[in-house]
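Chains as they are written, first to last, in the working numbering: chain P, 1 to 242; chain W, 1 to 242.
These are computed hints drawn from the structure, not numbers from a lab.
For clarity, every value in this text was computed on a predicted model and none was experimentally measured.
Ideal Cβ positions, reconstructed from N, Cα and C, are used throughout, including at glycine.
Treat the hints loosely; a few may be bogus.
Per the computed footprint, the stretches of chain P lying under chain W, defined by three or more beta-carbons under 8 Å from a beta-carbon of chain W, are [stated by the list, open to error]:
1) 1-15
2) 149-156
Short, incomplete list of chain P residues facing chain W, as computed with Cβ under 8 Å [unchecked claim]:
3) A49
4) D51
5) V107
6) V108
7) G145
8) S203
9) L212
A few chain P positions that, by computed beta-carbon distances, are all more than 10 Å from chain W [what the hints assert, rightly or not]:
10) A92
11) A202
12) I205
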Amino acid sequence: MGTELVGGRTVLGTLRSDPPLTLRQTGHGTVHLVSTAAGPLGGDRLELAVDVAPHTTLEIASVASTLVLPGNGESLTVVEARVGAGATLRYAPEPTVLAAGCAHRMVVRLVLEEGASVSWREEIVFGRYGERPGTCHSRFDATIGGVPLLRQEFVVGDPAVDGSPAVYGDARCVGSVLLAGPAFGHPGPGNGGRPGNPRGHASVIAEGCAVLPLAGPGTLVSALAPDAATLRARLTWGLGRS
Amino acid sequence: MDAALLLLADSRLPAGGHGHSGGAEEAVRTGAITGPEDLARFLRGRLTTAGLVAAALAAAACELATAPGAAADQAGTRPDEPAAGAAPESAWRELDAEADARTASPAQRNAARTQGRLLLRSARRIWPSPALDTLAGAVPDGAHHPIALGAVSAAAGCSPHDAALAAAYTSITGPATAAVRLLGLDPVVVHRVLAGLVPDLTSVARTAGARAAWERLPAHAAPALDLLAEQHLRTEVRLFVS
Numbered sequence: 001m002g003t004e005l006v007g008g009r010t011v012l013g014t015l016r017s018d019p020p021l022t023l024r025q026t027g028h029g030t031v032h033l034v035s036t037a038a039g040p041l042g043g044d045r046l047e048l049a050v051d052v053a054p055h056t057t058l059e060i061a062s063v064a065s066t067l068v069l070p071g072n073g074e075s076l077t078v079v080e081a082r083v084g085a086g087a088t089l090r091y092a093p094e095p096t097v098l099a100a101g102c103a104h105r106m107v108v109r110l111v112l113e114e115g116a117s118v119s120w121r122e123e124i125v126f127g128r129y130g131e132r133p134g135t136c137h138s139r140f141d142a143t144i145g146g147v148p149l150l151r152q153e154f155v156v157g158d159p160a161v162d163g164s165p166a167v168y169g170d171a172r173c174v175g176s177v178l179l180a181g182p183a184f185g186h187p188g189p190g191n192g193g194r195p196g197n198p199r200g201h202a203s204v205i206a207e208g209c210a211v212l213p214l215a216g217p218g219t220l221v222s223a224l225a226p227d228a229a230t231l232r233a234r235l236t237w238g239l240g241r242s
Numbered sequence: 001m002d003a004a005l006l007l008l009a010d011s012r013l014p015a016g017g018h019g020h021s022g023g024a025e026e027a028v029r030t031g032a033i034t035g036p037e038d039l040a041r042f043l044r045g046r047l048t049t050a051g052l053v054a055a056a057l058a059a060a061a062c063e064l065a066t067a068p069g070a071a072a073d074q075a076g077t078r079p080d081e082p083a084a085g086a087a088p089e090s091a092w093r094e095l096d097a098e099a100d101a102r103t104a105s106p107a108q109r110n111a112a113r114t115q116g117r118l119l120l121r122s123a124r125r126i127w128p129s130p131a132l133d134t135l136a137g138a139v140p141d142g143a144h145h146p147i148a149l150g151a152v153s154a155a156a157g158c159s160p161h162d163a164a165l166a167a168a169y170t171s172i173t174g175p176a177t178a179a180v181r182l183l184g185l186d187p188v189v190v191h192r193v194l195a196g197l198v199p200d201l202t203s204v205a206r207t208a209g210a211r212a213a214w215e216r217l218p219a220h221a222a223p224a225l226d227l228l229a230e231q232h233l234r235t236e237v238r239l240f241v242s
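So that you can see chain P by itself, here it is in the shape it has in the complex (with noise of 0.2 Å):
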């Protein structure tokens, strides 16, 4: 999918899709995204374009959590999108949630130009509700003017290490927003001269959340829950705190 600025505003352009993956447009410079298929099953591969493009807005939802489930080897998703100067991008689709015995890979490569800004979330149920899950590895990589902004891998599914108290503890979810752009970010002392958080390095951090200014333009919120409910209060909690 793609936006274009016509007459000042936001006109959005390419809106291609096929199941299991539908795209709505649902309001102005808004798309929901709509299963109209089970899964992702193990086999599938499904993909996800976003080109917003100068100075135009687009928000992404999606209609329902996304459940992952087994089937013929691994399942992957790969969300690429691309910012332009002065746009903004809203990406906050419900979570995902791994059944057992499935195997997924998710990729997300979100790339900003200088002046671009951006919100998005990130959220991994492991399990329906007393479900052991099944495994997870997730990618998402930000650059920003081509400076990396953040790098980050979950991995879920190895008991020894999901229950560790380094990693996600007791935890049964992990979210993260990942906010970024010209307000997270003006060229200060301790970053080398790099673009840094006008917020310094002051985190907030409350049980379970952390606010954390990154060391680049952006800030993350990441938190971990007991359940979804939790974990998107907690992520709506430091929002509204970074």
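Using the hints, position chain W against chain P.
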């Protein structure tokens, strides 16, 4: 393996490492680590996340210091730069920025830079080398510890694989020693825990030592460690810096 690796990984190396617990002190304070079993889970999780990332960065830094031409290819940097000769300051800053992007927590970035600065200060007197001088000039606030450790490994004559092993090893021995002091654990029992992690150490170092473009190096996040690091700064009575 080079014999210099023994000196590098030795806790008696005067580089300030003993002042850091890598989140173990806060985990003990909050009750997440109460004995050897919790400690083993903490260390395993730490090793496969922060330890793996540190090991990969250390290997890349060692490579950059010993074969800057090849390392610049890994970085995908400017072809106009001469392939021969020492790595320029810009290459060190680029690699340091990759460490920043993998460290969302400001508390952990500060701890990593403090330890990197202290290590480099001592190492420049122990193993004087132009690469260490360049690194110190490139990142005056102190390079991330794994970057410094990789550069120092090269100066001491170690290979990138050795550097990865040293980084992986120090990522768990520091917290293990801290736990002995904080909980009054039997040092023999704790060393048995460490011995049990030897296969993991070997596999982490092997994974981390594999050559890859810098942007694709491991980036495994440990959300609980981030929370512990930030909480630790707010704890009034502390034995360790981090």
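Chain W contact restraint for P/D51 - C-beta distance below 8 Å: violated, 21 Å
Separation of P/A92 from chain W, once the least beta-carbon distance is taken, above 10 Å: Non-interface label stands for P/A92: nearest chain W Cβ at 19 Å, farther than 10 Å.
Cut-off 8 Å, beta-carbon criterion: hint that P/A49 touches chain W: violated, 19 Å
Supplied contact hint for P/V108, tested at 8 Å Cβ to chain W: violated, 12 Å
P/L212 as chain W interface residue, shortest Cβ-Cβ below 8 Å: holds, 5 Å
Nearest-CB test (10 Å) between chain W and P/A202: violated, 8 Å
Chain W contact restraint for P/G145 - C-beta distance below 8 Å: Given a least distance of 12 Å, the restraint on P/G145 is violated.
Whether chain W covers the stretch 1-15 of chain P (at least 3 residues having a Cβ closer than 8 Å to its Cβ atoms): violated (count 0)
Cut-off 8 Å, beta-carbon criterion: hint that P/S203 touches chain W: Constraint on P/S203 satisfied, holds at 5 Å.
Restraint satisfaction for P/V107 [CB to CB of chain W, less than 8 Å]: violated, 11 Å
Distal placement of P/I205 relative to chain W, Cβ over 10 Å: violated, 5 Å
Cβ contact check, 8 Å cutoff: the stretch 149-156 of chain P against chain W, three residues minimum: Since 7 is at least three, the answer is holds.
Figure legend: structure checked against the earlier numbered hints; hints not met, in rising order: 1, 3, 4, 5, 6, 7, 11, 12.
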